[in-house]
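Start from the sequences, fold in the hints, and give me the full structure.
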Amino acid sequence: MQRLGFMERGAPPIPLGLIFLGAFLIHAPLLLMKLPLKSYDTNFHIFFASHYSHHWFDPWNAKWYAGFSQTTYPPLPQQWVAIVSRLIGLDMAYMLVQFAAIVLLTLGVYRFSKLWVGARAAGYAALASILLGSEAFLVYSAGQLSTTFAAPLYLNSLPYLYEWMRWRNWRSLLKGSALAVAAAAAHHATLLFGSFLFAIPIVALAIIDVRESRLAHVGSFIIRTIFVTALVGTMIAVVLLPFWIALINYPVTQVPIPHPSRSNYILNPQWGVNFFLVPYGAMILALPFIFMRGSSSPRLRPLLLGFWVAFLLGLGGTTPVARMLLGRAFEVLTMERFAYWATLLALPFIGLLAEELIDRYKWRAVAGLTLAAGMTCAVAVSWASFRPADAEDFKVESVAGWLNRDGHDRYRYVTLGFGNKIARLAVLTNASSVDGEWNSGRMLPELTEHGAGALTSSKYFGKNGLDALSAILQHADRYGLKWVFMKDPYYEPLLVFSGWRKVDDLENRTITVWSKEAVPPATPIDSPQRPLAWEGVLWGILPIGSSILAMLLVLIPDRRWAGQTVVSDSDKAATMPSAGSESSPANDDLVLGRIS
Amino acid sequence: MTGSRLLGIILIIATVVLVVMGTIHPNQSGAMIADSRARLIGSASSPQDAVNNLMQQIGRRTWEAAYASLANKGEFTETEFVRDLNGNYGSLRSYANLDGFDSQPLRASGDEAQVRARMRWASVVGIFEDSRDLRVVRNGSQWEVAWPIVREAKVPPQVIPVNYLRWDVVYRGAEDDWGAQDVEAPHVRIIAMHPVDRGGGVVILGEVLNEDVVPAFVTVKASLLGSNGSTLATEDSFDKISHILLPKQVSPFRIDFRNVRLSQVDSVRIQPSANLVAASADPVIGIEGQKLTPLPDSSLTGSLVNQSGQVVNVAHVIGTFYDNKGQIVWVADQYPSRALLPQTPVPFTISLPADVSNKVGSYRVVASTYSSSRFQ
Chain X
1 MQRLGFMERG APPIPLGLIF LGAFLIHAPL LLMKLPLKSY DTNFHIFFAS
51 HYSHHWFDPW NAKWYAGFSQ TTYPPLPQQW VAIVSRLIGL DMAYMLVQFA
101 AIVLLTLGVY RFSKLWVGAR AAGYAALASI LLGSEAFLVY SAGQLSTTFA
151 APLYLNSLPY LYEWMRWRNW RSLLKGSALA VAAAAAHHAT LLFGSFLFAI
201 PIVALAIIDV RESRLAHVGS FIIRTIFVTA LVGTMIAVVL LPFWIALINY
251 PVTQVPIPHP SRSNYILNPQ WGVNFFLVPY GAMILALPFI FMRGSSSPRL
301 RPLLLGFWVA FLLGLGGTTP VARMLLGRAF EVLTMERFAY WATLLALPFI
351 GLLAEELIDR YKWRAVAGLT LAAGMTCAVA VSWASFRPAD AEDFKVESVA
401 GWLNRDGHDR YRYVTLGFGN KIARLAVLTN ASSVDGEWNS GRMLPELTEH
451 GAGALTSSKY FGKNGLDALS AILQHADRYG LKWVFMKDPY YEPLLVFSGW
501 RKVDDLENRT ITVWSKEAVP PATPIDSPQR PLAWEGVLWG ILPIGSSILA
551 MLLVLIPDRR WAGQTVVSDS DKAATMPSAG SESSPANDDL VLGRIS
Chain S
1001 MTGSRLLGII LIIATVVLVV MGTIHPNQSG AMIADSRARL IGSASSPQDA
1051 VNNLMQQIGR RTWEAAYASL ANKGEFTETE FVRDLNGNYG SLRSYANLDG
1101 FDSQPLRASG DEAQVRARMR WASVVGIFED SRDLRVVRNG SQWEVAWPIV
1151 REAKVPPQVI PVNYLRWDVV YRGAEDDWGA QDVEAPHVRI IAMHPVDRGG
1201 GVVILGEVLN EDVVPAFVTV KASLLGSNGS TLATEDSFDK ISHILLPKQV
1251 SPFRIDFRNV RLSQVDSVRI QPSANLVAAS ADPVIGIEGQ KLTPLPDSSL
1301 TGSLVNQSGQ VVNVAHVIGT FYDNKGQIVW VADQYPSRAL LPQTPVPFTI
1351 SLPADVSNKV GSYRVVASTY SSSRFQ
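One line per chain: the protein sequences are X and S, in this order.
All the letters of the first sequence, read from the start, carry residue numbers 1 to 596 under the working numbering.
All the letters of the second sequence, read from the start, carry residue numbers 1001 to 1376 under the working numbering.
Careful: at least some of the hints might be erroneous.
When the alpha-carbon atoms are kept at most 27 Å apart in a straight line, the in silico BS3-like pairs for lysine-lysine are as follows [stated by the list, open to error]:
(1) X/Lys463 / S/Lys1359
(2) S/Lys1248 / S/Lys1154
(3) S/Lys1291 / S/Lys1359
(4) S/Lys1325 / S/Lys1291
(5) S/Lys1221 / X/Lys502
(6) X/Lys502 / S/Lys1248
(7) X/Lys38 / X/Lys395
(8) S/Lys1221 / S/Lys1154
The hints are simulated quantities; they were obtained by calculation from the structure and are not laboratory data.
Here it is in C-alpha cells:
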C-alpha cells in the first residue's frame, strides 16, 4: 500500500516543536495575565466549571434561572477546567485549558493543512494559526472556550478519518472517531454546523483522490464513509445522550434574541469592524489569492467551497445566505463562529501563499508576513480593551459577601447593569438568581417570551428587554426574588414606581441594594427539565471519558507507511513548477501526484 | 483568463452580488434594536423619504447627520435639537430608545408638504409616543424636514420657599436587646375593590387608604380563588399604584391577571401590606387643567406643576375613573416623558378604553414622583 505524499521544494518545513514554542511565547504570557477574564463569555464557562467542581454528577444548576440544566450545553472544556481547578484554581485552570486548545489548534491546522498542501505550507499555516485574528478574538474578546476547544479536536480528527476512508486504516478510524466524539462533547454548535463545513470538503477530497488513484474501489470507499459516519454519529448520540434528551424534549423555541453578529456589517459598520475586520485582519488581503488559487487546482476546490460557505455565513446579515441556509437556527446562533471556521479553512491557502512569497521575496516576505500576522493578532488581542465587554470594571466580591451573610441567600436576586459580571457573582455567592447568561437553558416564561438576553442588560434589548425585566419583577413573589443589585441608575425609576425600596449600598455607593417586602423565601423550582439521576451519571462519565479515550488512542503509534512520494507524470505536468523556470499559474500547486 | 480560475471569479462575483442583495434588502430581525432598522439611507426624493431618513438617523442616534439634514437648522442649535428628542434633567427621554416610527402624509403641494411622524420610544417604565407634524420643503431635487423644535422651558433664577411635612423614622437597632419594640407598621385599608373581565383576563380595580398618622409604603396583592377554594392566580399592583401614602392619603390600584376569566373566579383575596417609611410631602405636584376628552381620542388630559424648587426627573400620573354611582370603572396611568422643572407645567394624557369612556362620570388623579439624587 502506498500513500499520498508531497514533494517538497525549497526550505524544509518548520518543525512542529518550534510552532508549539511560538504558541507558548505568544499566548502563555497573555493567559498568565488572565486577559480572557475581560472577555464576554469567560466567566460563563468558569461558572459552569464551578458547578461541575462541586456537583460533578448533578448537572442541575440552581444558581441561574431559578434552576436550569447544564446538559443543555456540552461539558467537556468546563469539566476539564473543573478538574484542573482542584490544583490551580478556577481562573488559572481556565487559562490552562484554553492554552491546551491553542496548542492543539496549531497541531490540528498542521495536520489538516497537510491534506491539502505540502508539509512546508502546512507548517506556515500552523504558524499562522498562532497569530490568527479570529482565534485571538474568540479567546480574548469573546471568551468562547468551547468553540476554540472543539475546532482543534475536529481538525485533528479529520486527517485520521481521511486515512480511514482512503486506506481503511483501523487505527486511524479509532483515533479519528474518538477525537470527533470528544469535539462533539466540547461544543454542540461546532458539531451541528461546523463539522459539516470541515468534513464535507474532506469527503470530497477523498473522493477526488480515490477517483484519481484508479486503484481503490469506489464501492468500498463509500461503505467506509457511511460506516464512519454511522459510527461517529452513534458514539456522539450515546456520549451526549442527556444533551439530546434535553434538546428533543425542550427545543429552543423562545423568542429570538437579537445579536449584532446577525446584522448587516455594511449598514452597521461598527459591527463590521467587530465581526469582520478584527477576526480576519490581514487575511482579507489574501482573499483574492484564496479564491484564485482555490479554483485553479481541482484538489483545492472542495476546500475553497467549504471556505466560501463559511465565509458567507460568517458575514451574518450582510448577505441573505446565512438566513436561507440556517433557517430558524439563524435566530439562535451567533455568526462569529462561522468567521472563525472560515479563517481555519483558509489557513492551508495562507500557508501556500506564505510559502510562495517566501520563496520569491525571501526575508522581505518573512518580514512582511510577520508584520501582517503580528498586527492582526495584536489588534484582535487588544480588541477587548477597545471594545470591552463591560464599560466599567468593578468587583462583585462585596455583593457576594452581602448575599452570603445574614440569611440573605434564602432569597433569589437579580442584578441590573452588571454585564457579564453576573457569572462571576454566581460563582462567588450561594444565592440563586432568576437571571443568567445561558439563554438556551432558561425556561422561565417571563424570560423566554420577550426576546431579550440577560436581565442585567435589559436596556440594551429595548422594549423586549424592559418587558422581560418588568415581568420578572412583577412575579417576584413567585420566585422568591427579594433582592435587586443595581449598578446602573437607568433602572431606578422602574424600581421606585414598582414598589422596591433601597435598603443598602455597596462599593462606595456605586451599587445599591433594593428589596421588596413580604416576598417568601425561595423554594426549589419543581422543573420537568431537571435531568434524571442516571443522566447526571452519564454526563459525568461519558464526555470526559471520550476525551481521555481519545488521548490514549492518539498515543498509539501510527503505522510507518512504506510508500514514498510518487508523482504521476500527468500531475507533475499540471502542477509541478519546473526548476529554475517561472511557474505558470496552473503550475503553482504544491499538491503533487499520488498512487494508492 | 484560464478556465480553471473561472470558479474563483464566479465565487467572487457571487459574493459581491449577495452582499449587494443583503444590503439593499436587509433583513435584520436578528440584529440589535437600534441596528434592526438600519437601511441604506437613500436620497430624499419625496417628502416621506425625507421624514423616513430623518427618523432612521434619530433611531441610530446619528444626531449630527440628522441635524445637518434639516431645512431649518439655522433656527436652533444641534444641542437644542438633541435635547428636544433626548430630553434633559434625567427625564424618561434621556434614556429612551426609538423603538419604531410611522409616517403619514397629511398634505402636499409642489414645494411643501406636511407629514405626521409618530415615534414610539422605549423607556425604562414602558413605551411612550411622540407625534410631530413635520413641514417638509423642497430644496432643489431634494426634500428637507423643517423640525418643529420644542425647547425646554428655562426656569428664571428665584428663591422658592418650601414648608412641608416630613417624617423621619428611627428603627430598632441591630444591637438592641432581643424583644425591644420596633415601630409599628401603619394601618392601611382597602376602601374599594371592583373586579372586571377585560381583554381575556381579570382586572382588579380598587383604592387603598392610609388611615394612620404616619406615612406608609403600600403594596397590594390579590389572589383569585376558584370555587373549590384553590388559588387560580396571584399578582400584585406593581406600578399601578402610588406606593408611598402620606397620612389619610388614598391611592388607586389596578391588578391585572392574564388568562383567567371572571367566570372561573369565586372570590378575591386582597392583601394590602404596609411598612413605615421615611417620607416627605415634598415635592408638591399640582394637577391643573384636567379635561376629559370624549371619543374617538378618549383620554384625560391636564398638566402637572412642580410647586417645589427641586427637579422631578420622572412623574407618574394615575387616574381613577368612576361612574355616576361612584363605582370605580377604570384605573389608568401615564409617565410624562419630560422632567418637571420648578413651577413649569408639563402636560399629561391618560388614555381611556373606548368602552370605559362612555361610563365615566367623575375622576381623580394622583401623581407620584422620582427624583434622582444626581440631579438635586
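Hints and how they fare:
1. X/Lys463 / S/Lys1359: violated (32 Å)
2. S/Lys1248 / S/Lys1154: violated (35 Å)
3. S/Lys1291 / S/Lys1359: holds (15 Å)
4. S/Lys1325 / S/Lys1291: holds (20 Å)
5. S/Lys1221 / X/Lys502: holds (20 Å)
6. X/Lys502 / S/Lys1248: holds (24 Å)
7. X/Lys38 / X/Lys395: Status holds; Cα separation ~12 Å.
8. S/Lys1221 / S/Lys1154: Status violated; Cα separation ~42 Å.
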